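Q: Chain by chain, the residues:
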Amino acid sequence: MKAIEVKNLTKYYGSFCAVDHITFDVGSGELFGFLGPNGAGKTTTIRMLTGLSEPSEGNVSIMGYDISRDPFHAKERFGVVPEVSNIYEDLTAWDNLMFAGELYSMPRSERSRRAHELLDTFELTGFKDKKVKGFSRGMRRMITIAMAIIHSPDILFLDEPTSGLDVQRSVRLKEIFSDLNRDGTTLFLTTHILEEANTLCDRVGIIVKGKLAAVDAPEKLKRTIQAAQSVEFSFDTMTPMLVHDLAALPAVSSVRKEGDKFRLYTNDPSSVATSLFEYAKMHALKIISINTLGPSLEDAFLAIIKQQEGKGQEP
Amino acid sequence: MTYSEMLSRIWRELRRAWAITKKDARIYYLRSGTIMFGLMFPFFLFISFAVGRNLPPQVLIPGLMAITIFFSASSVGPMAVPTERKTKTYERMITAPISPISILLGEIAGGAVFGAVMIVIPLIIGMIWYDIRIFHPIGFVASIALISFGFSAMGIMFSAIPTENPGDVMMILNFVRLPLLFVSGIFIPIDQMGKYGIVTVLSPLTYAKDLVQYAVSGNSFYGPMIDSFGIIVFTALFLWIGVSMHERSRKTV
Numbered sequence: 001m002k003a004i005e006v007k008n009l010t011k012y013y014g015s016f017c018a019v020d021h022i023t024f025d026v027g028s029g030e031l032f033g034f035l036g037p038n039g040a041g042k043t044t045t046i047r048m049l050t051g052l053s054e055p056s057e058g059n060v061s062i063m064g065y066d067i068s069r070d071p072f073h074a075k076e077r078f079g080v081v082p083e084v085s086n087i088y089e090d091l092t093a094w095d096n097l098m099f100a101g102e103l104y105s106m107p108r109s110e111r112s113r114r115a116h117e118l119l120d121t122f123e124l125t126g127f128k129d130k131k132v133k134g135f136s137r138g139m140r141r142m143i144t145i146a147m148a149i150i151h152s153p154d155i156l157f158l159d160e161p162t163s164g165l166d167v168q169r170s171v172r173l174k175e176i177f178s179d180l181n182r183d184g185t186t187l188f189l190t191t192h193i194l195e196e197a198n199t200l201c202d203r204v205g206i207i208v209k210g211k212l213a214a215v216d217a218p219e220k221l222k223r224t225i226q227a228a229q230s231v232e233f234s235f236d237t238m239t240p241m242l243v244h245d246l247a248a249l250p251a252v253s254s255v256r257k258e259g260d261k262f263r264l265y266t267n268d269p270s271s272v273a274t275s276l277f278e279y280a281k282m283h284a285l286k287i288i289s290i291n292t293l294g295p296s297l298e299d300a301f302l303a304i305i306k307q308q309e310g311k312g313q314e315p
Numbered sequence: 316m317t318y319s320e321m322l323s324r325i326w327r328e329l330r331r332a333w334a335i336t337k338k339d340a341r342i343y344y345l346r347s348g349t350i351m352f353g354l355m356f357p358f359f360l361f362i363s364f365a366v367g368r369n370l371p372p373q374v375l376i377p378g379l380m381a382i383t384i385f386f387s388a389s390s391v392g393p394m395a396v397p398t399e400r401k402t403k404t405y406e407r408m409i410t411a412p413i414s415p416i417s418i419l420l421g422e423i424a425g426g427a428v429f430g431a432v433m434i435v436i437p438l439i440i441g442m443i444w445y446d447i448r449i450f451h452p453i454g455f456v457a458s459i460a461l462i463s464f465g466f467s468a469m470g471i472m473f474s475a476i477p478t479e480n481p482g483d484v485m486m487i488l489n490f491v492r493l494p495l496l497f498v499s500g501i502f503i504p505i506d507q508m509g510k511y512g513i514v515t516v517l518s519p520l521t522y523a524k525d526l527v528q529y530a531v532s533g534n535s536f537y538g539p540m541i542d543s544f545g546i547i548v549f550t551a552l553f554l555w556i557g558v559s560m561h562e563r564s565r566k567t568v
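Protein chains in written order, with my numbering: chain A, 1 to 315; chain B, 316 to 568.
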């Protein structure tokens, strides 16, 4: 059985079509990434999948239950972590977890056992009886996630779960998501951090201007844009004309400056590397580092968006 | 759905609604806005009208009780719902397996319990200072439960106003509560209003005050049956409008 099945899902706000007849499914136990630029329809889609918003057209099925016709059973099967940590600031961490458990009719002993377990997993046991008002952003995020999984759902919807968190907490959360997925939970993740989607997701869907532009495994999406191979390097010194000169090297299609590094896009990395060594020698520059890179998910994402936006502008 | 499945579903819905009631009690009962608009405001309003007027305690105390429930029970929903919209915790309840009607029932029960608890203050004042005795104790408890639920439903109806600021709802609510208070026969007894007494039928507070007065003293203007019927009709109206408005605002987002 598919964990999530979406058919012709559409949302209109007046005459504006925010989500335009999208169809996809997510397998049971899969970790699915849902990507798109700002305003593409990601949040509107997740709101319809979780019953927060009524679709204008189409259906959403959660573990076989239609979210519009049988919301009670569908909602028992999932947990939601929204972009904003929606916790009760005037309650303690423990009371927040107890309330979340009560919304799923968990028996008191089971609620208590799970709450202890989750506080331990999220390293918040010492803050059990503290009001969450005084918690840091990362701790609030942890409590929000713990509240979403207290009933051990089959599916977990995550909307930008690591946004604004420090590296340490972000890494820890990704470990927790991987653990949940390994234990059989289906994860539906929206994120703007493409590296996160690249490392975590089995498949990703890319939505652009309300339309689903691509659904595939990250590696397969990358393979569709071989022209985006690149050579990344760093010189010991920067010169004002460097970007201009690099763009003029043979086989270089474009140049991108990334901090103290440059990235030269090409479909022939070997010639570009040779040209680069010659250029360095001619201008007495020292190469500090050099790597040839395949297309990243970011490259694939940008190419798909560009292609989709081009389609949208056609008459 | 079989009969036992239906019963199980109703039981689970009620338990989840009760969880919302308990949560509201923990978070909103002691908020300054709830105390101010739900207790202090009606109390001092009543005192300012009642002092110096020669009203018998059997009329004065039921009036104070009715005003206390009217303001306190109807203040919790308008404090809780917009606040939860702002913090997005309302969305947490919508994504949980509980129907929108049960969410509102949980919120209404939160206000009703607050109103019923607040009645203790005028009750103590009446019993200690005015030596009031309750004529019909069971009727008194039943009427307090009915009235609290009705006025809390009124508060929930107003909380459907699409705002994230409780002050916005309270302001509009007071525009309605104060006129309802003045035409309820609390400050001017209905039998002294002459031909204008007919307007009192438009205020749910009329029936509430009359019903409490019957339970306390055994005397009332309309009688307990008409009073109960009036409150039930107003409660049904508040529920119907409130549920429709909340559903409509949910569907348009």
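Where hints are given, some of them may not hold.
Stated by the list, open to error - Derived DSS-like pairs (lysine-lysine); straight-line CA-CA distance at most 27 Å:
(1) K128/A / K510/B
(2) K510/B / K133/A
(3) K257/A / K306/A
(4) K128/A / K403/B
(5) K337/B / K133/A
(6) K403/B / K209/A
Just so you know, the hints here were simulated from the structure itself, not pulled from any lab data. Bear in mind the structure is a predicted one, so any value in this text is a computation, not a measurement.
Q: Would you mind marking each hint as holding or not holding in the structure?
A: Structure-based check of all given hints:
For the given pair, K128/A sits about 63 Å from K510/B by alpha-carbon distance, which is inconsistent with the 27 Å threshold. Restraint check for K510/B and K133/A: the C-alpha separation of about 56 Å exceeds 27 Å, so the hint is violated. Using a Cα cut-off of 27 Å, the hinted pair K257/A and K306/A holds, with the two alpha carbons roughly 20 Å apart. A threshold of 27 Å between alpha carbons decides the hint, and for K128/A with K403/B the separation of about 22 Å falls inside it, so the pair holds.
Taken as a hint, the K337/B and K133/A pair is honoured in the structure, with Cα atoms around 19 Å apart against an allowance of 27 Å. At roughly 26 Å between alpha-carbon atoms, K403/B and K209/A fall within 27 Å of each other, so this suggested pair holds.
In summary, the structure is inconsistent with hints 1, 2 from the numbered list given earlier, while agreeing with the others.
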